[in-house]
Amino acid sequence: MSEASAPRKRSEVADVDRSLYDFVKSEEGYERFDDGLSEEIVREISAKKDEPEWMLDLRLRSLEIYEKTPMPKNWGPSIEGLDMAHISTYVTSGADQATSWEDVPDDIKDTFERLGIPEAERTSLAGVGAQYDSELVYHNMREEVAELGVVYSGIEEALHEGWEDVIRAHFMKLVPPTDHKFAALHGAVWSGGSFVYVPAGVTVPYPLQSYFRLNAAGAGQFEHTLIIVEPGADLHFIEGCSAPKYNVANLHAGCVELFVGKGARLRYSTIENWSKNMYNLNTKRARVEEDGAIEWVSGSFGSHVSYLYPSSLLMGARSSCEFTGITFAGGGQDLDTGCKVHLAAPDTRASVATKSISKGGGVSTFRSSVVVTPKAERAKVSVSCQSLMLDDESRSDTIPAMDVRSASAQVGHEATIGRISDDTIAYLMSRGIGEDEARTMVVNGFAEPISKELPLEYAVEMNNLIKLEMEGAIG
Amino acid sequence: MSAFEKTLAGVDAARAQTWNWLAINETTLEVPGNPEPVALDLPSWARDVRLVAGAEAQGWLDELTSEPLLGASTADEAASILAYLGDVEGEALDVSAASLLCEEGAWGEATIIAAGSAPTTGNTCRLSLRKGASATVDILVARPEDAIHVQSFGATLAEDATLALRVWILGAATTTLAIACDLVGARARFTSELRYLGAAEETIDITYDVRQLGRNTEAEIGASGVLEGSAEKTLRASIDLVRGCKGSKGSESETVLVAGEGVRNKTLPVILCSEDDVQGDHGATIGSLSLEQTGFLASRGLSEADIVALAGQAVIDDAASALGDVALAEIVGWTRAARGPEASAQAADAGALIHGTFCDVPGEEV
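Chains as they are written, first to last, in this note's numbering: chain A, 1 to 475; chain B, 1 to 366.
The following block holds chain B by itself, in its conformation from the complex (with noise of 0.2 Å):
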């Protein structure tokens, strides 16, 4: 029998969907089977995210986990979730789930780290923030180059509620992100980074699926990221200005170095309109460095291939800065594995320049 034993249609599907021949409505993704499914136990507030994971996705997900880990924000006390995934000794799956609840004005966190060396892992994070909570969401996939990671997001936003999501994918075999935010109160904002590697034969497939309802809300969703060798990368950003959600603005812009000769981009970037009194844009910049780019980096002494190991040192230095803290030590430990100890270093360094932290880098005295 063969390892993977389960298809998953429809992981990660655009709402608005467009020409079939085009193959990038959706994604279809093999995964381990769940011999012992179990019933996942949420509160109301939870179950009433909104995710966009597909059905099949999202039920292999919930199937699969059986301690959900909890938070509650108040306005005294912030909660904070850490999520590491991965690291389980000689198990095949690691599948988790982490639901935060920020009560009014309150504050939290959630950090969702997939590092380790289990072939699959997956993750569903549920958010809702009352009326002028906030929240920071991290979530780092930092996997081997055989492995899959599985993750779903959904959050729902009251009046006044700030979100604001990053995410770094670093690599593994293949990442799907399945990400959903409604902006259901009046002048709540969403804001999400995404920066991602692709190198070898990777998959990368991001789905964000973004609802304004409410008035005078505003979403951003900005992502760049390089891509080496003959990976692919999908990404289907929506947004959807709904009629009534008067004053509002969404924009999406997004950045793709493209630096291998197998390379294949696709992208999706959906603007959906209802309502007259708002403001939507996208762009995006899809290519390889110009000639221009080129010859006055070499003038500067610095070949096309530097260009690119730097662009993609900028994605890794840019997590380690930013989880520094938390995950410094998965992510300087991938880049020695993915990119030698050089890249690891200099990840290292970036760490500890801005959290301070000293991070021994693996396979080296230091």
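So that you can see chain A by itself, here it is in the shape it has in the complex (with noise of 0.2 Å):
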């Protein structure tokens, strides 16, 4: 064959290593509600938290609203694989939660170690929690840092210890059960999360980090994230979240309400890594109040099928948002991921970077919106996405709609789709370096945008698990 007609060569990748998330616990000795939904088991996980009246009747109208509400019919990933009949709302070890992980049983602080969080808790973080299926079994924050007058706890703990008033004043109230049907199947089951409040004027010098795992086959997780940084404070909040892979549908339908205050910074990162039998439903959303910033770093890696849109509603003047985002979609998965970004004050500014992988038959969406409303005058956005094909068994989308009402605004959208190229690859190796490794190289530094956002640690990670997806022999 002369070479002019030979078949380009791309990279044939592994599957990736699980093996550091992919490892099963006993559930014996469980506590485990029945699979479905009905009216019965909402009143059984509200009574369980011997939750107030009024969140017992947000989740039966969110119930309500669930059973009312369709699937969109014209857009987004099938999730018909996800039955709710056989999904549990609820799964608990029965642990109590801990402040110290000497307390917390054997097998779930094995998990925790094998995912390095008490490791990082020590180095890097100013307090960690650990969530195990539908309850949280571990919670502390440093000293130091509780002394700013900063608060990290569990939903339920909070509702016990004084801040009941704040809770409902901001629970459900960014997301309202309404938003989507997930959202109302969220209102009506959720158990477990993080409330975080970061009093005016404090930095908190660390991260701080919640880490989800789903242990148990056929389950759900709805965990609740608030989190409210009050004027003038600074936050970085970090969420993390993997699960083995199981043969059957396991569904994450979470819920983070962001409330940044005036001239407050909240930078919210996360790395999520579910396992491929994973539909993940989540729904995040922050509001921002005049000259606060938002910053989202958002890795997509795992699940089986992802709906994650994180939006950012800029309600302040000269208030702002910054999305960098990277989805990696390998075989048997269909991620649509993006942001929303509604600007609705004067002088708002936007700025949203993605990059999205597909290799190996997955499908990676990139599905976008920003509004600019009459009252955002002057108020500036640019949209990048940048997305890379690694064969032509996968599919990468982008579908990036923009509304603009402001005579004075700035919108500069871009976006690219490509492989990677052939003379890049023929520079590197022109330099003695192996083909496998300068295809991993250039999608490393595609994506190094993104891992320069997270702190070491994490960017470690992301950039092994990309090297995990390019590992593989040459075609």
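The set of hints was computed from the structure by calculation and includes no laboratory data.
Ideal Cβ placement from N, Cα and C applies to all residues, glycine included.
Treat the hints loosely; a few may be bogus.
Restricting the straight-line Cα-Cα distance to at most 25 Å, the calculated cross-link-like pairs of lysine-lysine (PhoX-like) are [said to hold, decoys possible]:
hint	chain 1	residue 1	chain 2	residue 2
1	A	49	A	181
2	A	49	A	173
3	A	173	A	375
4	A	173	A	48
5	B	266	A	73
6	B	266	A	375
7	A	375	A	452
8	A	262	A	173
9	A	380	B	266
Short, incomplete list of chain A residues facing chain B, as computed with Cβ under 10 Å [claimed, not checked]:
hint	residue
10	340
11	344
12	358
13	371
14	372
15	388
16	393
17	394
18	405
19	406
20	411
21	417
22	420
23	424
A few chain A residues that don't get close to chain B, going by computed Cβ distances all over 10 Å [unchecked claim]:
hint	residue
24	103
25	106
26	275
27	418
Two chains, each in its own frame: build the complex with the hints.
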């Protein structure tokens, strides 16, 4: 075969080595609610948490909305494989929440040790929350951070420890149950998650991290994260998640509500690495006041199907949003990710930069919305979206929507889709680098703008994930 | 009974849809009903051309078309189709269809002019370009501010075929435009330039749906326009790089000057890709004049209003330059009604400069 007619070379990539995440612990002795969804189950969850009446009302109203709300038929990946009749909405080991790893049951402690959470807490975090299935099993914060007046606890604990009024004023106010079907489901069966309160003017010196582990097969995880950063305060919050792979569907329908006060800053970083039987239907939203800033750093590597679009409501003058995201879709994955930005005040700013990589038959869809309201005078928005296709079995789509209603706004958008150029690989190989390594270098370089936004240890984790994805022979 | 008797759902619909709350996926339009539908008779090559106007809208257009225009270009003889719409005395509706077949190596052209005073006009243009054929299609919408124009367009391109589509939307209460193009053969090439003006309460709704199926095909969509007053414009542009279209390139770009407090500009530039050895890109710049731009031009004696007027005039002059031989009177007449005698005189000059044609400016001694 002549050189000219020879087929182009491409990476033949192996499946991810998920041994780091893919281990199962026994559920013996665990409490597991019946599969499916009913008013009885919702009341049982509420009773278990000894909730105030208004929270039970919210759950029941959410259940009603869930039952009435259809899934959109004209967009998004299929969730036909998800049957709520075969999902248990509440599973717990029964372990009490601990503030010392020594008090966490051995098998659960072992899980988090294998994931490196206690080590990260010792070296670089201000506090850690660890959720196992439906309940938090560990929550702790450094003393010096607590002395600043920072509150970091489970939502349930906060409800019983003097924060009920604050929680009632904020809980599911940014993401109401009417938002979409799985927001309603979340409202009905939420359990676990974190409450963070940073007083005005306080800078939290190290990040806080919550890690969510779903161990049970055929179960759902519905944690709620509520963060309030008061005026002039500053926080970096990190969220991680993983699960072992089963041959039945698991569901994650968490909810994140972030309130960023005047002149405050919140960075919210996520490395999502759910197993590939997971339906990840998560909702995240931030409301930002005058001069406040929300920064999202989002890495989506796992799950079978994802619907994930962190949204930012820029309500105060000069408030800003930065969204930096990467999505890596491999075989059997259909990841529909992106973001939403709503600019509703003068001189607001938004910057969106995303990268996506598709390989091995994976489907990656970048979906975004930018809405500039008439109030957003002199608003500036830039959106950049780059997609890399590693083979011709995969798919990469970009579906960005823009709705501009301000005469003085400026909105710029650019997107590209392509493959690794042969010239780049040839150049690297001419410098003595093997083809495999050259391709991995290019992909790592492609993802570098995202990884540099993460704390070192998480950037390393992300780079390792990419390296694992890229391992394999050259065809 | 209302003058509008029929509601067409999904007139323009994006192939890859998104959140329904954005109200960008498709549009609905009220049009006059049709008491006497006719069966549209088309040759098989025309029936095979894919259209994306939406089933209700296309059905409405088809059943109003009694005498479709047909043209066939051969290597020896070029066909040229010219369809004028809207110039029907006392009629509420003027709907037509134009279909053009370009045989192997042939060249042809089609021109659709929607410019008369009939309240509602519509047209379906179908093109089939065989191997190595090429065609140019021009569409002009220069309607009164209370008129509606519904345009459907579809083209199928075989190996090495080339299509250049130019569209000018100068005015109408509502213009909908659904463009489909299938680049089936290797090295087929589609370019489209869309220029528009929106003013007052006008609505412009455009869908492009381009599928690149053959190897080494190229698609390039460019759109630019000026929106004033409370005009609303929606552009959905989809390029689908279908598995197997190795070596293909698809590109979309849009520039919108937002120059009115009540303007609403919606853009959905989509790239769908299931092939790795391709290049796809899109870019959009939407907004007002920057302080640097206005400052620089102010130093040359131009106010912001002058600059917006110049940008609008550029669209009109471009249409006059391109269509001066077939539609200069319509462009000049529309410009006079919409923007005044000075602007229309300038449009006449722009047409005359290129085509050497002389056009009376209506209502003026020349």
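Violated constraints from the hint list, given by number and in increasing order: Violated hints (numbers, rising): 7, 11, 23, 27; every other hint is consistent with the structure.
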